[in-house]
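Protein chains: 2
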Amino acid sequence: MMRKSWIESANTAETDFPLINLPYGVFSRAGGAPRCGVAIGDYVADLAALEHAGLLETAVFDAPALNGFMALGKAVWECNRERLTALFAAEGDPALRDDAALSAAVLVPQAEVVMHLPFAVAGYTDFYAGRHHAENVGTMFRGPENALPPNWLSIPIGYNGRASTVVISGTPIRRPLGQIKPPGIELPVFSPTRRLDIELEMGAVLGQGSAMGTPLTVAEADDLIFGYVLLNDWSARDIQAWEYQPLGPFQAKVFATSISPWVVTKAALARFRVSTPERTRPLLPYLREPGPMLYNIELEVRMRAEGQRRDTVISRTNYREMYYSAAQQVAHHAIGGCRMQVGDLLGSGTISGPEKENRGSLLELSWGGKEPLTLEGGVKRCFIEDGDTLTLAGWAQGDGYRIGFGTCEGKIVPAPALRPEWLDD
Amino acid sequence: MMRKSWIESANTAETDFPLINLPYGVFSRAGGAPRCGVAIGDYVADLAALEHAGLLETAVFDAPALNGFMALGKAVWECNRERLTALFAAEGDPALRDDAALSAAVLVPQAEVVMHLPFAVAGYTDFYAGRHHAENVGTMFRGPENALPPNWLSIPIGYNGRASTVVISGTPIRRPLGQIKPPGIELPVFSPTRRLDIELEMGAVLGQGSAMGTPLTVAEADDLIFGYVLLNDWSARDIQAWEYQPLGPFQAKVFATSISPWVVTKAALARFRVSTPERTRPLLPYLREPGPMLYNIELEVRMRAEGQRRDTVISRTNYREMYYSAAQQVAHHAIGGCRMQVGDLLGSGTISGPEKENRGSLLELSWGGKEPLTLEGGVKRCFIEDGDTLTLAGWAQGDGYRIGFGTCEGKIVPAPALRPEWLDD
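Chains as they are written, first to last, in the working numbering: chain A, 140 to 564; chain B, 140 to 564.
Simulated from the structure, these hints should not be mistaken for lab results. Computed from a prediction, not measured in an experiment: that's the story for all the values here. One or more hints might be untrue.
As the list claims (entries may be wrong) - If we take Cβ atoms under 7 Å as the criterion, some of the chain B residues that face chain A in the derived model are:
1) 394
2) 557
3) 561
Every residue gets a Cβ at the ideal spot worked out from N, C-alpha and C, and that includes glycine.
So that you can see chain A by itself, here it is in the shape it has in the complex (with noise of 0.2 Å):
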């Protein structure tokens, strides 16, 4: 059984945020700025608030950004959760819950905030880590026999996306414009996306870094993650079909990823560990991971057309499905020397699983546009229209609790209009 708070809104099997998550984000208030909080039950915890109060050791919470908290690295981590964890506690420290001026002035119901990007992404890197969506895609690319890339066993293939435009969950996304080339035309045309799509991740986020040149065993790599997030890496199919080959995806994905509001710490998650799958081709050493460095974490996708009253669940799957740990990830990144810095974000890759209702985007869902999805209401979806919202949610299952991630989701707005200069003469 949990751990009671005496928050009563912590204290359901349902919420997201019972005593033992405690996740960190940045939220304001009308007329306030931007600062760092805490969820529990119903409630953001003003870290800056408890900061003033001279309830917490920091100073570094009065900020728009965790990245100053994160830099302190993990002892600093760990004694904020302990103290976190006494002050929200049933029978614990009674300063906060006993100060009936400041408690309220402490705990923001989260009906009442605007939450921010929870951290200045320092750099972007998104990964390719998820074998069923790798050998979905595969598939209706090169065929069955030739689906997994010849390196896709020994590398946690990545790349480097782009930070400018990792937005807050609730963040409107434009359709993107751009060139494609539908079959059966020689030359490409300039259009919005017709094959817009979402792709289900994790995002690891990066509270500590190395210096250049430096590469970092797996557990060390593991020792800079400060916690995840739900991360939706929206995806123009049709831009990418045409401009990946050779150094891979670009317009396709810099217009938009969204993030969960708040990072849910790996000492949070620490019961929920899990080894990554059986190996089919051994690891070279520097990939091996000295324990079990993945997590169980339920996700699912949801889809609401515009004007639509409920969301349909498209698919539902498991971060575990992944074949490589993000500690795996970050070792990989660092092997030649590369600087990680505080502030990095990295995107799991697709998670999809083994079955179809488990597929992470909706080029698998579909099967390339192919097999359209129904939702609520009989209306029919291959790729996503104006106006419609995806919304991700995930949560790892405790037995009687959750430790949740609350939801990352956005809505697609319709692409630029067309400028005379765009236009052909």
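Here the structure of chain A is known, so what remains is to put chain B in place on it, guided by the hints.
Relative to the frame of chain A, chain B by itself:
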């Protein structure tokens, strides 16, 4: 003829830094903090000191990066250039010239300063816009019939690079470890790269940004560019060959990118504008240039082995060889709505010319390692050995003067020692 300065070393035909150049950088003196300066003849002019003396209208140069100045925008860039020109011109404003104490404080011999990264690199994107390079590499990998990828004549192909390892000229470059798969072996091995290479590029520096979801025309894109630097996109060809399919180069490139210390402004280069080459295939309208947006900049690559007293020039080429300008690359970068940022760095792609001696990488110069180069004293090289120093240089050649970039150099130090965790059981 060129307008003269009262600083005599700025008036020679050989200096990179005449009065009409005035490139911006960040420097420090022994024991001092980094601050902004401009190069003039053999000196760095301390811009923070000029601000403190009330001779400039800004308050941004007592900072370790140019980002604050760049963010002020084009009108301020132009105003500051006019002001500096007046202060350094022989027949100009005497306020600095006639104040011996002030001019001694402001003008620091370049030999006495350490140069730093001139701006905080917000994002780094690398392109592949040199046709001769793309054809050379394509011929080596796919044969002459399929040298250019099908999209190459329509898209200025680019991919996200790693900003955290962009370093200033002079920074030693550690040979990266990684996975390589030599021909004829089934599984990869863990090893220092055996095919370490350079890529001779120009870097465009963005001094203004754009809003997410807002594409730019080519003219608007050109307006974001503050200036240009020399850029060496260090590359590990064997790591690249094994990793780059399907998502592009990653560990082959993220270990280091070097840039020259001085940002040569677009204003200084204006008279050297040239048109991109004639199009083989018409571009989509969003990529068409309203005027000449490429530059006539002479480039060379020099190489020196450990212990050698002199560089050998191994390549001579020109920036005008590029098929796409930086303005076109920025327009393409933003067309899907990517947010551009003050401090973004865009690599041009490797600049090779039509002849063998114009090639901008050792991969091309040694034709995949088959035709070794001969350096001073008979030393042979296909790729870079430990202790080798590679230097890029560049200048726009005027009539009796040059707008120079200085140099961009890096010496290779050996790979890290192997740790027990990386060795096979």
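Tested hints:
Taking 7 Å as the C-beta contact cut-off toward chain A, the hint placing residue 394 of chain B at the interface holds, the least distance being around 4 Å. Checking residue 557 of chain B against chain A by beta carbon gives a least distance of about 9 Å; that is not within 7 Å, so the hint is violated. Interface restraint check for residue 561 of chain B: the shortest CB-CB distance to chain A comes to about 5 Å, inside 7 Å, so the restraint holds.
In this structure, the one hint that does not hold is number 2.
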